[in-house]
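Q: Sequence:
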Amino acid sequence: MSPLKSDEYPAIYTDYVENVVGPVVDELYEQLDTFPAFIRSIPEDMGDFSYAEGKWTIKEVLCHILDTERVMAYRALRFARNDMTELASFEQDEFVQNGRHNERSLESIITEFGYLRNANLLLFESFNETELARKGMASGRLVTVKAFIYVIAGHLTHHRIILKERYLNNENIEHAENLV
-7 MSPLKSDEYP
3 AIYTDYVENV
13 VGPVVDELYE
23 QLDTFPAFIR
33 SIPEDMGDFS
43 YAEGKWTIKE
53 VLCHILDTER
63 VMAYRALRFA
73 RNDMTELASF
83 EQDEFVQNGR
93 HNERSLESII
103 TEFGYLRNAN
113 LLLFESFNET
123 ELARKGMASG
133 RLVTVKAFIY
143 VIAGHLTHHR
153 IILKERYLNN
163 ENIEHAENLV
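Per the numbering used here, the sequence shown starts with residue -7, numbered consecutively.
Just so you know, these hints were derived from the structure itself, not from any lab.
If you're wondering where the values come from, they're calculated on a predicted model, not measured in any experiment.
All clues stand as given, with none of them false.
Here are the simulated distance ranges between beta carbons: (1) A125 to I4: 13 to 23 Å; (2) P35 to A3: 35 to 45 Å; (3) A3 to E157: 17 to 27 Å; (4) S(-2) to N162: 36 to 46 Å; (5) I4 to R73: 17 to 27 Å; (6) I153 to Y21: 11 to 21 Å; (7) K47 to A3: 17 to 27 Å; (8) T122 to R96: 38 to 48 Å; (9) I4 to R32: 23 to 33 Å; (10) T122 to S81: 25 to 35 Å; (11) S(-2) to P35: 36 to 46 Å; (12) I153 to M(-7): 19 to 29 Å; (13) P35 to N120: 36 to 46 Å; (14) R32 to A111: 19 to 29 Å.
Calculated cross-link-like contacts (lysine to any residue; reagent style SDA-like; alpha-carbon spacing at most 20 Å): (15) K47 to N162; (16) K47 to Q89; (17) K47 to D85; (18) K47 to R92; (19) K47 to K156; (20) K47 to N94; (21) K(-3) to T122; (22) K127 to D(-1); (23) K127 to Y5; (24) K156 to D37; (25) K127 to R62; (26) K127 to S81; (27) K127 to L115; (28) K127 to S(-2); (29) K156 to A44; (30) K156 to S33; (31) K156 to M38; (32) K156 to S42.
Idealized CB from N, CA, C, for every residue including glycine.
I would like the entire structure built from these sequences, with the hints used as guidance.
A: Written as structure tokens, this is what we have:
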């Protein structure tokens, strides 16, 4: 896959894209191993923890990562198949509010992530350079198929950093040094 260029995505995705430090597919595979290990290092009883009033819980953040990956992969599929229908935005707060994520176990989230990521990797690896370069409108912004793949990888990294810094820091958890 050729490197992503800045004209392939809107500025709103810059932070996510910049979180991708190497070849994006390699990073997606690495996350397939490291993200479940990270989740397993979180005590189950912390899953419902929120660091402040009105903030999502750890489980809600984790499921938001899954929901976003699903939405971005769907967008990538639509544009890769040359469907140029403009795609609406998704309301992440509504997804979280209606997801019943705190009813889940951390292990169930890990299992879902594994299936979702493996399916998406198969999809992304099936795209050729022409399909990766196709552009479409999503949330009122022009973006390429390839950019969605970068957004998926970078978005996960973004939220993992937030989880470590705001949720799983020494103030909130006694064994923060055991987190991966």
